[in-house]
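Asks: One-letter residues, chain by chain:
Number of protein chains: 2
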Amino acid sequence: MKLEMICTGEEVLSGQIIDTNAAWVANTLMEQGIEMQHRTTVGDRLDDLVDVFTARSHHADVIIVNGGLGPTTDDMSAEAMAKAKGEPLTLNEQWKRTLIDWYAASNRLMPESNLKQALLPESAIMVDNPVGTACGFRVKLNRAWFFFTPGVPFELKQMIHEQFLPFLNTEFGSSQPTKVFKLLTIGQGESALQDTLSALQLPSGIELGYRSSMPHIEVKVFARGKTAINQLEDVVSAIRLLLGHVVVADNVPTLASEIHQRLFQSGISLSMAESCTGGMLTSQLIDFPGSSSYLHHGLVTYSNESKVRVLGVSPQTLDDHGAVSIATVEEMASGAREMLDSDYALATSGIAGPDGGTDDKPVGTVAIALAVKDGGIHSQMVKLPLKKREIIRGLTAAVAYDMLRRALLGEAVIVDYPNIKRFAK
Amino acid sequence: MKLEMICTGEEVLSGQIIDTNAAWVANTLMEQGIEMQHRTTVGDRLDDLVDVFTARSHHADVIIVNGGLGPTTDDMSAEAMAKAKGEPLTLNEQWKRTLIDWYAASNRLMPESNLKQALLPESAIMVDNPVGTACGFRVKLNRAWFFFTPGVPFELKQMIHEQFLPFLNTEFGSSQPTKVFKLLTIGQGESALQDTLSALQLPSGIELGYRSSMPHIEVKVFARGKTAINQLEDVVSAIRLLLGHVVVADNVPTLASEIHQRLFQSGISLSMAESCTGGMLTSQLIDFPGSSSYLHHGLVTYSNESKVRVLGVSPQTLDDHGAVSIATVEEMASGAREMLDSDYALATSGIAGPDGGTDDKPVGTVAIALAVKDGGIHSQMVKLPLKKREIIRGLTAAVAYDMLRRALLGEAVIVDYPNIKRFAK
Numbered sequence: 001m002k003l004e005m006i007c008t009g010e011e012v013l014s015g016q017i018i019d020t021n022a023a024w025v026a027n028t029l030m031e032q033g034i035e036m037q038h039r040t041t042v043g044d045r046l047d048d049l050v051d052v053f054t055a056r057s058h059h060a061d062v063i064i065v066n067g068g069l070g071p072t073t074d075d076m077s078a079e080a081m082a083k084a085k086g087e088p089l090t091l092n093e094q095w096k097r098t099l100i101d102w103y104a105a106s107n108r109l110m111p112e113s114n115l116k117q118a119l120l121p122e123s124a125i126m127v128d129n130p131v132g133t134a135c136g137f138r139v140k141l142n143r144a145w146f147f148f149t150p151g152v153p154f155e156l157k158q159m160i161h162e163q164f165l166p167f168l169n170t171e172f173g174s175s176q177p178t179k180v181f182k183l184l185t186i187g188q189g190e191s192a193l194q195d196t197l198s199a200l201q202l203p204s205g206i207e208l209g210y211r212s213s214m215p216h217i218e219v220k221v222f223a224r225g226k227t228a229i230n231q232l233e234d235v236v237s238a239i240r241l242l243l244g245h246v247v248v249a250d251n252v253p254t255l256a257s258e259i260h261q262r263l264f265q266s267g268i269s270l271s272m273a274e275s276c277t278g279g280m281l282t283s284q285l286i287d288f289p290g291s292s293s294y295l296h297h298g299l300v301t302y303s304n305e306s307k308v309r310v311l312g313v314s315p316q317t318l319d320d321h322g323a324v325s326i327a328t329v330e331e332m333a334s335g336a337r338e339m340l341d342s343d344y345a346l347a348t349s350g351i352a353g354p355d356g357g358t359d360d361k362p363v364g365t366v367a368i369a370l371a372v373k374d375g376g377i378h379s380q381m382v383k384l385p386l387k388k389r390e391i392i393r394g395l396t397a398a399v400a401y402d403m404l405r406r407a408l409l410g411e412a413v414i415v416d417y418p419n420i421k422r423f424a425k
Numbered sequence: 001m002k003l004e005m006i007c008t009g010e011e012v013l014s015g016q017i018i019d020t021n022a023a024w025v026a027n028t029l030m031e032q033g034i035e036m037q038h039r040t041t042v043g044d045r046l047d048d049l050v051d052v053f054t055a056r057s058h059h060a061d062v063i064i065v066n067g068g069l070g071p072t073t074d075d076m077s078a079e080a081m082a083k084a085k086g087e088p089l090t091l092n093e094q095w096k097r098t099l100i101d102w103y104a105a106s107n108r109l110m111p112e113s114n115l116k117q118a119l120l121p122e123s124a125i126m127v128d129n130p131v132g133t134a135c136g137f138r139v140k141l142n143r144a145w146f147f148f149t150p151g152v153p154f155e156l157k158q159m160i161h162e163q164f165l166p167f168l169n170t171e172f173g174s175s176q177p178t179k180v181f182k183l184l185t186i187g188q189g190e191s192a193l194q195d196t197l198s199a200l201q202l203p204s205g206i207e208l209g210y211r212s213s214m215p216h217i218e219v220k221v222f223a224r225g226k227t228a229i230n231q232l233e234d235v236v237s238a239i240r241l242l243l244g245h246v247v248v249a250d251n252v253p254t255l256a257s258e259i260h261q262r263l264f265q266s267g268i269s270l271s272m273a274e275s276c277t278g279g280m281l282t283s284q285l286i287d288f289p290g291s292s293s294y295l296h297h298g299l300v301t302y303s304n305e306s307k308v309r310v311l312g313v314s315p316q317t318l319d320d321h322g323a324v325s326i327a328t329v330e331e332m333a334s335g336a337r338e339m340l341d342s343d344y345a346l347a348t349s350g351i352a353g354p355d356g357g358t359d360d361k362p363v364g365t366v367a368i369a370l371a372v373k374d375g376g377i378h379s380q381m382v383k384l385p386l387k388k389r390e391i392i393r394g395l396t397a398a399v400a401y402d403m404l405r406r407a408l409l410g411e412a413v414i415v416d417y418p419n420i421k422r423f424a425k
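Protein sequence lines, in the order shown, are assigned to chains A and B. Okay, so the first sequence: first residue is 1 according to this note's numbering, each after it adds one. Okay, so the second sequence: first residue is 1 according to this note's numbering, each after it adds one.
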């Protein structure tokens, strides 16, 4: 079965909007074992749409069309498909009823312009949209089934899951069952990960994929078919043994998400003292609703004065060792932890660049400490293999979270990652 | 002149990578007055590439191809174009020399595999890439000039600016001079902005565009041709008068960038006391190198205990007024400011949701204060018209930055925005 996508909309074509819908659809289908083969992006010109629909209808079995289902004049996906098929638009009474009820539910009269959203090509089959005013529809042209979806991301997502995937299943026979296991890694490059894992003799039906989302690289293990799914667990175990500490979490998008899941409603409390990460450790957790239940505070002490006044770092320590040092981050972590007697506190201080590096402490030098209630303090100073400010900060936050994650699991807090050089204490 | 783009690469097609290159190219060209008409995304299959090159070569005058110029076997843009043209690949001696020198400069021998990057279709004209090992090239097939560019974003950007735009100029005659002025706005929706500005009788050659990047909407004023460019300033002034306080900055992408530019090397110092924004105010500034010169500290005091212990907020105030109140944010701002005697301090406290709202203070209720050295304190409590956690936090940060911006300019610190309801004090 050959599958394509057509993205419509002047904003997407002209780069006003970055097309995250296209990536989301391709990714979601891939996790079902279905490969996207081709994507076309066109603006809101009727003739362009008709041309693209006609041209691609000979190449694919299924084409997802995204966008152009709204009530305004530049929404013309339905009209273009009717023209491509050489048939009229007709009013879908069922969707008209839905729209009128939708507006009535909020005591409003439906604007006349919205009626346009119930006008579908004559041979189209309406597809329900329970969360918006744009219904989807599907229609066959030449070789291809065209499946029209709304541009609003959450409406699209619901329609793909609840309508499109079941349709594919019915129309093209139940595809093989598939399962994906995702291992989140830090501290090793994509090609090195590939090299290491190339030693594995993968059973048939099992494939590896990689997704780089700095500072993380995700290793995806796809299993297609029952036999492969039964072997998935063994393959994941083998990958773990080959990669070691580099694997930091399973089936979560980020380490912050892993930490949030472990701390939420755990009764464990956390504080942060950040310098080079500049609030990143704190704000990545605060992105999750409910983080207030465990996060006491995040103190971004950028200046030396602030480290002294807010965290109680000793001026002598700063003089003797500098702001980027094991001694300073240890005092930062202890200061932040003791203030509210938190169970844990993380502290970072480093040189994120582009300026401020020295021969002793070049750009990318970072000190990180974890203070543990009744458990002393763990700290390390590392040299990150990167020069870009935001990537240095992101990897620093990831290593800090990983120290906390390992402490929560009762494992050794400080370990080696292939790409990260640790300074001797 | 009809212009298209072809994006190549399995990672882009399958959604492993979101295609920011495509949006950047379209945006950059639009600011030169050149419209992108069509975009195709294909994977790394030779036949697909040959088919797409051949098919699109009849529809456009210029086609930018992005990606597939690397040294590995799945990089096959050059090979595909040679096949589409029915001509061999030949070794470009000049680029071979460049590659050898490139490696020699870092005392390395060029790996044999890199020689592939000097293999171009016989009729291709090499395009220099001073910042990477993948040269670009251009070649004519049927109606279209194909211009091949590297996938690495900063290499692509340099090649578009330094090679592609001059090529367009030479090949298609100097296009009209164009100029863009961008006004950053907050606190009014895109359709309301459009409605307001529809009152303007725009001179010929001047057009408006809108880019939504929450919490900001950017109004772009394009001027094409000398006459229009001469009128640009007047049009911008008229827009300012129509939109009022909604316009918060000129020709910068975000308010954080505007604040950074005003504070960097100004001698003015700033502190932050954040609750609902959770470090966002601080980290958006720390993204800019050099922010340490003015940013004393950013204290994310999420818990009440932390507000008391770190910032010196009185427990009585929290009891009497609650954490989300004018009284509390004023004490937060004063506490953060006084600690290091900063010139300014911003404080936020609000209900970002999804839980925690009450009848009196529903989700979206936010208190913001600005403490000024020797200048008292400005504060307001607002109800934001949004429900999504990250958007509430983003708009809160924008309003806070705007209070500081207005104070720096000596203007009234607190003003009304159409979309934001202010509570009576």
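No lab work stands behind these hints: they were computed from the structure. In this text, all values refer to a predicted model and were calculated from it rather than measured experimentally. Among the hints, erroneous ones may be present.
[Stated by the list, open to error] Dumping the calculated DSBU-like pairs for lysine-lysine here, alpha-carbon to alpha-carbon at most 30 Å:
no., chain 1, residue 1, chain 2, residue 2
1, B, Lys421, A, Lys388
2, B, Lys2, B, Lys140
3, B, Lys388, B, Lys421
4, A, Lys182, A, Lys361
5, B, Lys383, B, Lys421
6, A, Lys157, A, Lys179
7, A, Lys388, B, Lys2
8, A, Lys373, A, Lys388
9, A, Lys387, B, Lys83
10, A, Lys387, A, Lys421
11, B, Lys182, B, Lys140
12, B, Lys220, B, Lys361
13, A, Lys116, A, Lys140
14, B, Lys157, B, Lys182
15, A, Lys182, A, Lys388
16, A, Lys179, A, Lys116
17, A, Lys387, B, Lys157
18, B, Lys179, A, Lys182
19, A, Lys220, A, Lys157
20, B, Lys96, B, Lys220
21, A, Lys387, B, Lys388
22, A, Lys116, A, Lys182
23, A, Lys157, A, Lys140
24, A, Lys157, A, Lys96
25, A, Lys157, B, Lys388
26, A, Lys83, B, Lys2
27, A, Lys140, A, Lys373
28, A, Lys157, B, Lys179
29, A, Lys140, A, Lys182
30, B, Lys182, B, Lys361
31, B, Lys387, A, Lys96
32, A, Lys388, B, Lys140
33, A, Lys116, B, Lys387
34, A, Lys2, B, Lys83
35, B, Lys383, B, Lys361
36, A, Lys220, A, Lys116
37, B, Lys220, B, Lys387
Asks: So, for every hint listed, does it hold in this structure?
Replies: Evaluated hints:
1. B:Lys421 to A:Lys388: Measuring from Cα to Cα gives roughly 40 Å; hence the hint is violated.
2. B:Lys2 to B:Lys140: Since the Cα atoms of Lys2 (chain B) and Lys140 (chain B) sit roughly 14 Å apart, the hinted pair holds (cutoff 30 Å).
3. B:Lys388 to B:Lys421: Satisfied, since the Cα-Cα distance of roughly 17 Å is no more than 30 Å.
4. A:Lys182 to A:Lys361: Outside the cut-off at roughly 36 Å; violated.
5. B:Lys383 to B:Lys421: 5 Å, holds
6. A:Lys157 to A:Lys179: 19 Å, holds
7. A:Lys388 to B:Lys2: Distance of about 37 Å is beyond 30 Å: violated.
8. A:Lys373 to A:Lys388: 34 Å, violated
9. A:Lys387 to B:Lys83: 40 Å, violated
10. A:Lys387 to A:Lys421: With Cα atoms ~14 Å apart, Lys387 (chain A) and Lys421 (chain A) stay inside 30 Å; holds.
11. B:Lys182 to B:Lys140: Answer violated: Lys182 (chain B) to Lys140 (chain B) is near 36 Å, above 30 Å.
12. B:Lys220 to B:Lys361: The given pair, whose Cα atoms are some 36 Å apart, is violated under the 30 Å limit.
13. A:Lys116 to A:Lys140: Holds, at about 21 Å.
14. B:Lys157 to B:Lys182: With Cα atoms ~21 Å apart, Lys157 (chain B) and Lys182 (chain B) stay inside 30 Å; holds.
15. A:Lys182 to A:Lys388: Holds. Lys182 (chain A) to Lys388 (chain A) sits at ~27 Å (cutoff 30 Å).
16. A:Lys179 to A:Lys116: 40 Å, violated
17. A:Lys387 to B:Lys157: 19 Å, holds
18. B:Lys179 to A:Lys182: 47 Å, violated
19. A:Lys220 to A:Lys157: 21 Å, holds
20. B:Lys96 to B:Lys220: 44 Å, violated
21. A:Lys387 to B:Lys388: Distance ~34 Å between Lys387 (chain A) and Lys388 (chain B) Cα, so the pair is violated.
22. A:Lys116 to A:Lys182: 43 Å, violated
23. A:Lys157 to A:Lys140: Given pair Lys157 (chain A), Lys140 (chain A) holds - Cα atoms ~22 Å apart, limit 30 Å.
24. A:Lys157 to A:Lys96: 23 Å, holds
25. A:Lys157 to B:Lys388: 17 Å, holds
26. A:Lys83 to B:Lys2: 24 Å, holds
27. A:Lys140 to A:Lys373: Outside the cut-off at roughly 65 Å; violated.
28. A:Lys157 to B:Lys179: Since the Cα atoms of Lys157 (chain A) and Lys179 (chain B) sit roughly 39 Å apart, the hinted pair is violated (cutoff 30 Å).
29. A:Lys140 to A:Lys182: 36 Å, violated
30. B:Lys182 to B:Lys361: It is violated: about 36 Å lies between the C-alpha atoms, which goes past 30 Å.
31. B:Lys387 to A:Lys96: Roughly 29 Å between the alpha carbons, so the hint for Lys387 (chain B) and Lys96 (chain A) holds.
32. A:Lys388 to B:Lys140: 38 Å, violated
33. A:Lys116 to B:Lys387: With Cα atoms ~29 Å apart, Lys116 (chain A) and Lys387 (chain B) stay inside 30 Å; holds.
34. A:Lys2 to B:Lys83: 24 Å, holds
35. B:Lys383 to B:Lys361: 8 Å, holds
36. A:Lys220 to A:Lys116: Given that 30 Å is the threshold and the Cα spacing comes to 43 Å, the pair is violated.
37. B:Lys220 to B:Lys387: 28 Å, holds
The structure fails hints 1, 4, 7, 8, 9, 11, 12, 16, 18, 20, 21, 22, 27, 28, 29, 30, 32 and 36 (numbered hints given earlier, in ascending order).
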